[in-house]
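**Student:** Mind assembling these two chains? They're in different frames, but the hints should get you there.
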Amino acid sequence: MTTPDLDASPDGPASARWVEAALREHDAQAASEATRFEHRGSPQPLPGTVREELVLERIDRARRARPRVKEDRITMSHGAGGKATQTLIEALFLDAFRNPVLEPLEDAARLHVNGARVAMTTDSYVVSPLFFPGGDIGDLAVNGTVNDLSMAGATPLFLSAGFILEEGFPVADLARIAASMQAAARQAGVQVVTGDTKVVQKGKADGCYINTAGIGVIEHSINLGVAQARPGDVIMVSGPIGDHGITIMLARGELDIEADIYSDTAPLNGLVADLLAAAPGLHALRDATRGGVATILNEIATAAGVGVVVSEDDIPVRAVVRGASELLGIDPMYVACEGRLVAVVSPEYADNALAALRAHPLGAQAAVIGTVTAEPPGIVQLKTAFGGTRIVDLLVGDPLPRIC
Amino acid sequence: MKFVDEFRDADKAHALAARIAALCEPGRQYKLMEVCGGHTHTIYKHGLEDYLPEQVTLVHGPGCPVCVIPMGRVDDAMALASDPDVIMTSFGDMMRVPGSNGSFFDAKARGTDIRMVYSPLDSLKIARQNPDKRVVFMAIGFETTAPSTAMTVLRAAAEGLTNFSIFCNHVTIIPAIKAILDSPDLRLDGFIGPGHVSTVIGCRPYEFIARDYGKPVVVAGFEPLDILQSIYMLMLQLANGQATIENQYSRVVPWDGNAVALRAIGQTMELRPYFEWRGLGFISHSALKVRDSYARFDAENLFPVPGVRVADPKACQCGEVLKGVLKPWECKVFGTACTPETPIGTCMVSPEGACAAYYNYGRLTRHRVREATTS
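These protein sequence lines map, in sequence, to chains W and U.
Mapping the first sequence onto the numbering used here, position 308 (from 1) lands on 308, and the numbers just tick up by one.
Mapping the second sequence onto the numbering used here, position 297 (from 1) lands on 297, and the numbers just tick up by one.
In isolation and in its complexed conformation, chain U is listed as follows (with noise of 0.2 Å):
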């Protein structure tokens, strides 16, 4: 099929694995981080890591929208929707978050409204259907999805709708990668930069990280030679004591990012002065809430929200493995109490989270895939 297969080809993947193979220094180790949670998807699904040598590991950042979110938000979001006037609209990765009291899913079997949309339009469809109902839009994601979410408030302002909100989630990426840089239990030699966001950011955002960590971020593709190209960009770099930052995505994203869509962002959403991630605690900076101007569509101004905090349970380390310092298989509950049916943990609830990527697709040692599949 045209415009995937190219970008799958197994002789392409064979030629660049040799060429990484080659600028693998004898007795060093090399991790390198893909903080999106779309390029950990594409990783497993395609068994990228077999073609990678032994030396080359790559860590999971935190780049998966819903895995980054706190229990606490899923709760306000439930009391929200629990008002009978409330029609809520969520993304389907959302549905399957547990809150303290179950998921979307679950509060949608007990007869809450909660209707699973494709995009944030598709709520504004929904809101102009009953005019009756007061319909919130679950905003959550990066600055991916950030601009749909901005366009759909202001569709809304123009129209003058007076029964749409949005409940504002939106996390902003470079707070937490440095947030990650400054860990002090994590080593990393370089990052694998997020292709989506950076169609909206561009790739300038990224430059503090040559510059004051000295690590190399080479932003990619979705598609698996994207991604083992960018593996091989990386390796160069460290080959040549290099750190820059370079965009193998050209294709897709502009250096200086998507003007329109950020000012759409600007117009309606500002930064709020901090927000909790899960796993990672709280994070100055990290999160965008809706402008006072447009405060008529915020569902924090217009509902009353708990804003109860709800602890992260102590067995559940989705903050190491979302900083990467551990792997999934290593948390204490991975695939037993915590499996995709019953997620305790987020990065086991979307296909993006490391957690669920592992149990789905890599769930066997590399040794015995290989002792399985080349007989």
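Next up, chain W with everything else stripped away, as it sits in the complex (with noise of 0.2 Å):
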């Protein structure tokens, strides 16, 4: 049998013309870069190597210019913590709500109030399941808030809680929530002060949405932020990573596993106190929440203009964690945290940082990661286990399993 001929219609075959839009911005930006790299008429082509460099200097400049929505509707990956959701609040929300205070795009806004100094942060949780081994929304809601103002150094002070139900909610899980949420509150001195109750028709939410506010004070004069990050620094994180992210995913049941794995929500502002305290030479703290610590060590390397190295073998992962990671085709370094932070240190200060981590019961398996360098700018690498280096990018989509 042999080949049909598809291609005989006078028009050829049907082609696609997002393909074809993408193709026209692409040749209009290599137009104007005059790029040097496809030599034209030029009797001896380059050297592979140099040919290489070329193309990877045009992808940086790709990768650095306007953010831009694509997708004409929100898919799951503007939510997912990577590459999608950077790029929706750059281009959408931060165009929208321009400011001094909005733009450095920290887990909390930095603000002067009368002479104090305050944070501000809001989060919305929509986890599922509600409740999972180690916690429920109901924490999850205060700690994330908490921590949030915590790595802005601030003490966190006051919550506001607002809900959103789905109508025939079991008041019984929403009581349960609630003192879960007063447990966690108490456990890391704030209150609830302020909130909200809107309830939906049955199908129009998943149970039960919870979104918290927070406000802080800020008691000393260290700036933090990702862009403070200088070559020499010392990175480390406060205890293994991925706990939450491998606790709920298998907590749903879909995947058929059991595990003896707890999600590690948890307040972190009495850790980053006695952090502060240590080390003045503290220059960024984030909590590695969605993306995971990969997304924050991305964030550094783009924010601070460096380049940051990171060894695989010295990043902490529970043995069930890189278990269930291996079986689904996922990489700890993306999966969620809710009570690990990311430290960022310079290095004259990197002994006490690590010793003050370690004295507190929720960073006693804090670890060195790697050290931020001066090249390459903006790019994360890491030294494999296996021996070998390679990229550590921003997550795409959601970490999707592997097929075969």
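Since the hints were derived computationally from the structure, they do not count as laboratory data.
Source: prediction; values computed, not measured.
A portion of the hints provided could be inaccurate.
[What the hints assert, rightly or not] Selected chain U positions facing chain W (Cβ under 10 Å, derived; list incomplete):
(1) M1
(2) A10
(3) K45
(4) H46
(5) L48
(6) E49
(7) Q55
(8) A109
(9) Y118
(10) F208
(11) K332
(12) A337
(13) T342
(14) A356
(15) Y361
By construction, the Cβ of each residue, glycine as well, lies at the ideal position given by its N, Cα and C atoms.
**Tutor:** Below, the structure is given as structure tokens:
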């Protein structure tokens, strides 16, 4: 049997318009750059490595181009904490709300109010299932906002709580969530001082969503931010990574995997207070939530215009998290934590900082995972346990399981 | 961690690397193709190329299931899924593969009922739970995944399910390897054989590669030491002027394959006369369709499928990348118009695709990596 002649129609086979548009844009960019690498008319092609470098430079320029949301509609990727989320925030929200307080896109905004330095943040919680090993949506909603304030170096004080409830949601579950929020608030030393309740028709929400906002005061003069990272700085994490994300994936019950694993949800304000006291050379703090540690490292590299080199052997990951990640074909570096922070510390304070973390129960397994380098700017590299090296990029979409 | 760490031992890797380097004849260049996308992923994820001498180049082959799906088939699947009675189910990797009107993810955002599953058996579960809907499973993959699709069809038949079918896009690896061997613009010295495919088909189907083309094949496992050892075994054959089929992955791959799995495939599916491969064009007898005796589980039989061919965009050089003629970065649109967020070519979609692996993990030249990490 021979191949059919499907191209016989006068117009040839159909083509995709969106591809043509992307290619036109690409051609326009290439023309405006007057790139050197094609060397039309040059008798000798450039050596491979030189051409590769030029292509990589072109990609760098493409990545620095103004972010633009190309999709017509929101997809799940826009909420996954990776590249699509970042593009949506920068291209749409930052563009709409642009102001100097918002622009650094840190975990919390830093405000000056009548001479006082105040931090403010907000976060919404839509976790499914609502109750999972090690926590529930209630303590998650309190700890998450407490942690966002803590990462700004603030002492968290007051929280708001907004509930969006689905018609038919069991009151007993709501009571359990409220009790869990109150216990978490007590542990973190904050109070829930204002709130809101809305109920939507059955099917218009998934049980219970919570929004919390929080304010805290900044009582020291350290200017924290990922843009403050400098070559030579030491990068550490406060404990094993990926516990929360893997717990949730397994708790959904779709994978038929059972494991002895618990969410790491916890308030980090106490840990941060100890760290600030021990290491005035602290440059940045981030809690590694959606997008995981890999996302934080990329934010450091991009915001500060530095390189980041981390060592796979030094990154603490529980065996059960590693095992589940291997099975599911995902990388623990991208899996969310809810009670772990990444700290960037100037080298002279690194020992003090690590000791302070390890002295606190929530940082007992803290570890130095890498350093900040001058070159190559904007890129995170991993020395693999196998002895090779590779790039760690921002996540594209949700972590997808491999199929074979 | 047991059963993982022993296959990622850096000391053993150094020892193997030294042996590989010692086998390199001065002035000779070695081009070895890893056929399977799973190998490509491992190579990049662990930075395996750092261990190879400059003379040894790895060429990334066509064995990535989603990378070879042509745009027209995605459009066909989308047409199926747009039927309001249909629940389309798909592996995660397939969700981002672009058709001419976006991907499954985009269609999902527009309200089409497309669900991600981890196993075709999950689709059966969905079919049982939704008796008033027609559940279609987007079946893709080589002989690795074909048996699980076959078993699912057999189970659906045994249960008498009437609302389940598959949209069959299974392909077979041997015709693709043959197309590569016959391609005039490519010179390869040997093949790292696909491990998971071989668990099903065994090692015998590769014998023609040694016999008729004089190239060695080593079927390899998926841990980095497996691949490094396979490269060593290939280099040893080349040094001795041999060309045979060897099985490095003998802990999993039986020489004669898995008879039960092959029987299940044979019972439910048969070869198509021809099938279009992304970038490689039409290859005869290279894909599977549902047998007539199971036509009631064949979505192509139950639904109108447009079957419109969509041309690969001219600027997209997936075909050359899949054949290993071009390195990913040598494609004109690599990393600018075509990125993992907005892939034009399928090689950029799956983590097993050569372009995505290079973009996500390798996007720095070797000497710059060495400069930055050895300080």
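**Student:** With chain W as the partner, please determine if K45 of chain U meets the hint condition of a C-beta pair closer than 10 Å.
**Tutor:** With Cβ-Cβ at 7 Å, under 10 Å, it holds.
**Student:** With chain W as the partner, please determine if L48 of chain U meets the hint condition of a C-beta pair closer than 10 Å.
**Tutor:** Nearest chain W Cβ about 6 Å off; hint holds.
**Student:** Using Cβ atoms only, decide whether A337 of chain U comes closer than 10 Å to chain W, and label the hint accordingly.
**Tutor:** Holds. Min distance 3 Å.
**Student:** Per the CB criterion, is Y361 of chain U less than 10 Å away from chain W?
**Tutor:** holds (4 Å)
**Student:** Taking the closest Cβ pair, is E49 of chain U under 10 Å from chain W?
**Tutor:** holds (7 Å)
**Student:** Is the hint on A10 of chain U kept, meaning its closest Cβ partner in chain W is under 10 Å away?
**Tutor:** holds (4 Å)
**Student:** Double-check K332 of chain U for me: the hint is only fine if its C-beta lies closer than 10 Å to a C-beta in chain W.
**Tutor:** K332 of chain U check passes; min Cβ-Cβ to chain W is 8 Å, inside 10 Å.
**Student:** Given F208 of chain U as an interface hint, is its Cβ closer than 10 Å to any Cβ of chain W?
**Tutor:** violated (21 Å)
**Student:** Do the numbers back the hint for A356 of chain U, that is, is its least Cβ distance to chain W under 10 Å?
**Tutor:** A356 of chain U check passes; min Cβ-Cβ to chain W is 8 Å, inside 10 Å.
**Student:** Next item in the hint list is H46 of chain U. Is there a CB on chain W closer than 10 Å to its CB?
**Tutor:** holds (4 Å)
**Student:** Please verify that hint: T342 of chain U, Cβ, nearest Cβ of chain W, below 10 Å or not.
**Tutor:** T342 of chain U check passes; min Cβ-Cβ to chain W is 6 Å, inside 10 Å.
**Student:** Was the hint right that Y118 of chain U lines chain W, CB cutoff 10 Å?
**Tutor:** holds (6 Å)
Consistency note: the structure conflicts with the earlier hints numbered 7, 10.
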